[in-house]
Amino acid sequence: MASSAGKAKSKDRRTSLSGKEPREPEPEVDVLRTQVDSFLKSSGANGLGLASSDRCATMEALLKQYTFKGSLAMTNEEGEHLLHPQGYSNGERPVRSRQPGGDSSNTIQPERERKSTGRDLLQHLDSEGLMALKDCFRAHGDELDPEQFTSLTWSCVGHVEGRDERHFTARLQELYAQLTDEAESLSWSAFARYLLEEGVVSEKVRHVNMVKILSHIELENIATLAEYFRRDGGSLHLEQFVMVMKSLFHHLFDLTALFHCQEEERQLVAQIVSLFQLIDINGEGTLSWEKFTTFLVDQGMVEDIAREFNIIRFRQNSLVRDDMPHQSHMEKAFYCSTWDKIAFIEQGAKCLKLCTPDLVPYREIRDIAQPLCVEYIEKYKYLMVSCSDQTLSFFDVDNGLKLLRRFETKTAQIVMCWSVVAQAPFTADYEGRIFAWDMELVRTGVGKGEGKSEGGPWDNPYLKAIPQRHKADTVPMRHIKPEEPDTRVVRRGNPRVKATDPDHPNSGGTIATMLLELPVLQQMASCGVDRNVMIWDVTTGLLRQLLEGHQMGVRCMAFAASNKVLVTGGFDYNLFVWNPYVGTSTHVIRGHVAPIVGIEVLGAASNQIVSADSEGVLKTWDLGTYQLIQNIIVDGLLSLRVFVSVPTHKRIFAADRKFIAYDYQNAGVADQTDDAPILKATFHHLRRVFFTACTTHLRIWDAVTGGIKCMIPHRDAEIISFSVDDRGQKVFVGDHDGEIWVYNSTTGCVIKKMTAHSKEVSGLLYCGDRNVISVSWDTHIFVHDESSETPRLWRSAKNVHHGDITCVAFSRHLGLVATGSIDCVISVREYERLRPVSSLLGHKSEILALAFVEPFPLLASTDAGGNVAIWMVPFGARHKHDNKVLIRFINTHSLEHPTPVGCLAPLCEADSERFLMYAGDESGELRVWDFSAVLTAGNVVPSSPKSEWEPHKVEYLQIPPHITASVAKKAAALETPELPACLSEKVVQMHSWRAHTEGIRSIEVCSLPACCVTAGSDHMVKVWSRHGELLTVLRAYGQTHWNFPMKAETFGVDVETLSHVLRQVGELEKRKSRPPVFLTQDTRSTVGSPKRASKPFVRPHA
1 MASSAGKAKS KDRRTSLSGK EPREPEPEVD VLRTQVDSFL KSSGANGLGL ASSDRCATME
61 ALLKQYTFKG SLAMTNEEGE HLLHPQGYSN GERPVRSRQP GGDSSNTIQP ERERKSTGRD
121 LLQHLDSEGL MALKDCFRAH GDELDPEQFT SLTWSCVGHV EGRDERHFTA RLQELYAQLT
181 DEAESLSWSA FARYLLEEGV VSEKVRHVNM VKILSHIELE NIATLAEYFR RDGGSLHLEQ
241 FVMVMKSLFH HLFDLTALFH CQEEERQLVA QIVSLFQLID INGEGTLSWE KFTTFLVDQG
301 MVEDIAREFN IIRFRQNSLV RDDMPHQSHM EKAFYCSTWD KIAFIEQGAK CLKLCTPDLV
361 PYREIRDIAQ PLCVEYIEKY KYLMVSCSDQ TLSFFDVDNG LKLLRRFETK TAQIVMCWSV
421 VAQAPFTADY EGRIFAWDME LVRTGVGKGE GKSEGGPWDN PYLKAIPQRH KADTVPMRHI
481 KPEEPDTRVV RRGNPRVKAT DPDHPNSGGT IATMLLELPV LQQMASCGVD RNVMIWDVTT
541 GLLRQLLEGH QMGVRCMAFA ASNKVLVTGG FDYNLFVWNP YVGTSTHVIR GHVAPIVGIE
601 VLGAASNQIV SADSEGVLKT WDLGTYQLIQ NIIVDGLLSL RVFVSVPTHK RIFAADRKFI
661 AYDYQNAGVA DQTDDAPILK ATFHHLRRVF FTACTTHLRI WDAVTGGIKC MIPHRDAEII
721 SFSVDDRGQK VFVGDHDGEI WVYNSTTGCV IKKMTAHSKE VSGLLYCGDR NVISVSWDTH
781 IFVHDESSET PRLWRSAKNV HHGDITCVAF SRHLGLVATG SIDCVISVRE YERLRPVSSL
841 LGHKSEILAL AFVEPFPLLA STDAGGNVAI WMVPFGARHK HDNKVLIRFI NTHSLEHPTP
901 VGCLAPLCEA DSERFLMYAG DESGELRVWD FSAVLTAGNV VPSSPKSEWE PHKVEYLQIP
961 PHITASVAKK AAALETPELP ACLSEKVVQM HSWRAHTEGI RSIEVCSLPA CCVTAGSDHM
1021 VKVWSRHGEL LTVLRAYGQT HWNFPMKAET FGVDVETLSH VLRQVGELEK RKSRPPVFLT
1081 QDTRSTVGSP KRASKPFVRP HA
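Per UniProt numbering, residue 1 is the first one in the sequence shown, and the count goes up by one each step.
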């Protein structure tokens, strides 16, 4: 099931590295290729040839790190190459000797080098090789001399591609000398002890992912598995399944037995038990062959989805149509981001036109000459326009685009950009001069009669004073290649520059075509028709880097902030990827057959770009692999002249005489959970995953790594609520149309649909006992049988409220269900029959949240007016405060403005008898209140759990509408007081912090580990300590460190279950013979060990 995308990436990557390109390589490129070749060869690859069709481990590491590293020639302060770091055990770094003159050498001390040698040498030893080595030790009397050890070890690992035998043999001899010290020979016990200490054995076991291996299982082993299922009646129980998997992965279990690694063996069995639970989604205790094979197919599909998840793809938006009249074709277009307007220039038109990103006409600026370029300055809300009459005009956006300032510049400014670092706009003219303008002078003016200058372009009074410019040995910024390494600019009229030279100001070769700020580097890039790209320091005006490589003029640029590379394109049809730190080109992307018109980075944290050429072809590229992702031919354009990106709308425009819109998805924002408000987030400790949902999809996150494991799209209607079963295997989704869908949380596939409501499903709760409660705007409560293959209801109650049901709470301890509605009534009912227990009246606005406080007979409620109330609900022995409010208060940030609380999460600490309530409000504030005093004052004691339990009773109730209408009328009547409290105790606020920038949608307080998970309308899910310290955030993109206390060695299987399974399997293995032996070569290759060309040893029979 492996996707062909990986092979395509590998092929493209090999082609680029091997130098098989139509353009003749430059000397610098040859040097880089030689360095890469040497690094690959030293790591086990076959140089740049890469004889294997699949990408080797070294190439995988290279591609993985290449996006985040700099030039191929760079080394860090430790002298290591950034793409090929040395390995050091125990986190120790090499100690380097100091050379004369104070420079540290790149020579690693011999002791440290020898310490890491063995781990590198023996990392390719697989289980069969280790078993064979042990047999050889026994055959030679448990002693090997240096020659025997070297030759035998080489025969076990020499199959690795590109292994240099002489170099490898020399290193093995060094390892032998290290292990024997002063002894004459090496024993098996000493060698095995070394392997255990270095972690060679444990790494081969702990890094195995059985689920991933099974999704790529070979055909021969599938046939053997099918035979074993048939032998046992078509299905296997847990212990039988463990025996079959132990046989399938016998090379791993042989390894644990060989080195007596009991803990590693338990971890492998825990993986098998967890795998059984994943496949047995209904908890029946047996696995059929059909279930097993369906899981393998679905799991392979999930891996493809994970690979494709971050890929950005375009589709034409036919709803956004250009109906504006155009006099001629468009020459330039600019997007004003925070103003959210598009400004475009038509050929020959003496006006600047503005429209919205939906192509709705906005304004026209006519009091100008032919416009040349536009820039929006967000800080001052000015629109800066350069015109052909050699003027700069500033229009006040907040004042109806009124002209604020206009002055002459002596030369026409053809490109411009705003610098955030310098807080100034920069412009460039056709002679390569780059100007910085003083915005304070633009705002206030330079005084009467001072707006004009009689000198040259550099004498304009509105120019910004750059400190470096006042030095005698420097000259202003100019896009002209320096004549000498220490010369920053070629002066106009310099006799060394001929008039026919492209660098001569009058030749046209110095025209700057674009300015682009690199804010991360505090620099600015300029490009021009002279084929060069220059990097400038915006604070001093000094030239920092000169980037040479294009064969023709450079027309456009884009900076990818995620991996800090500059991408340029121009008239030579190629895209150059530059490392601006060192001024070298790391890659050349070829594929266009026409001049490049524009380049845009898709998303702030994305490593994908889109490029457009003049023939109307759009191409999206992955900067990590340089793979072409999508190729689009724009229909309806004779020639693509304008290309503009609107990132806030995830839209790009291609234009000639009209705009054509393309939308894209999955651009993402750095350190953000999703692209939409989060409806709910929950953590499942057995599965070690987080579940999050927005209106269009669910995401399942790995709690160990923080990465996305699976995404479940829901396209039929907007998601409103979801719940997860107790084993974390099923996800129940309720949507706006009233449908309830059940998804497999491992594969993301639809399992079935449950009985639907007629209106929006406003709440879903999993109750245990294979039951699910759903409530809806149709005022009905359903209790579903989730174990049934067809939709089935155990019981229902219709017309429970007079208005839409907004929230629901369930207490298994009390056996009660509570619902809240817009009719301001809280209805408490029995879970077993859905018969009414009581109606709680007192709220005067819509009920927003409900939560039972187990083990106490208490119910917490909130409403839209900011009220928070604690109710005593009837259960067991009668209490004097039954159906009454114990305490009530208003959640406020100030006395004038109450803030509604949208979610609640009670926490009762059994050891300390404390009652804490976590609450999130619509302003993003999270508060923790201590209600312990209320328990004492109200004489509230924990109740015993409900003893008699019949969760599968069948009953269907139909409440007459006039009854619920009368209850709602009574709740709204003036005679019913608003939440009268029985107690006057004060609520103590323990903690309070700003958890989200917008409203909090859900809160969950977890016990293992002790933390608090919040989801907000600000598109974020955050994990907090219970005291308000931010632990980590769920993020699809970005660099936020994942810091969640969850170990990778745990597989969601408790110790008691694992011990029981091990005992049962041991007894079965004693009574039965071992299952059929599976093909070791194929299974070994799936784990990651290379295939052996020939077997050097034959294991002797016992």
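Heads up, some of the hints might be wrong.
Stated by the list, open to error - DSS-like mimics (lysine-lysine), calculated; alpha carbons at most 30 Å apart, straight line:
{"hint": "1", "residue 1": "K381", "residue 2": "K410"}
{"hint": "2", "residue 1": "K619", "residue 2": "K379"}
{"hint": "3", "residue 1": "K759", "residue 2": "K619"}
{"hint": "4", "residue 1": "K464", "residue 2": "K410"}
As the list claims (entries may be wrong) - Label-pair restraints from in silico Cβ distances:
{"hint": "5", "residue 1": "V1055", "residue 2": "C749", "range": "24 to 34 Å"}
{"hint": "6", "residue 1": "Q423", "residue 2": "K752", "range": "56 to 66 Å"}
{"hint": "7", "residue 1": "P945", "residue 2": "Q665", "range": "42 to 52 Å"}
{"hint": "8", "residue 1": "E284", "residue 2": "K798", "range": "51 to 61 Å"}
{"hint": "9", "residue 1": "R812", "residue 2": "R792", "range": "43 to 53 Å"}
{"hint": "10", "residue 1": "E948", "residue 2": "P791", "range": "38 to 48 Å"}
{"hint": "11", "residue 1": "V1055", "residue 2": "K798", "range": "26 to 36 Å"}
{"hint": "12", "residue 1": "T338", "residue 2": "V1055", "range": "39 to 49 Å"}
{"hint": "13", "residue 1": "K753", "residue 2": "A676", "range": "35 to 45 Å"}
{"hint": "14", "residue 1": "S758", "residue 2": "D635", "range": "28 to 38 Å"}
In case anyone wonders, no lab produced these hints; they're calculated from the structure.
Note that the Cβ used here is the ideal one computed from N, Cα and C, for glycine as well.
Provide an ascending list of the numbers of those earlier hints which the structure does not satisfy. The structure conflicts with hints 2, 3, 8, 9, 10, 11, 12, 13, 14, although it agrees with all the remaining ones.
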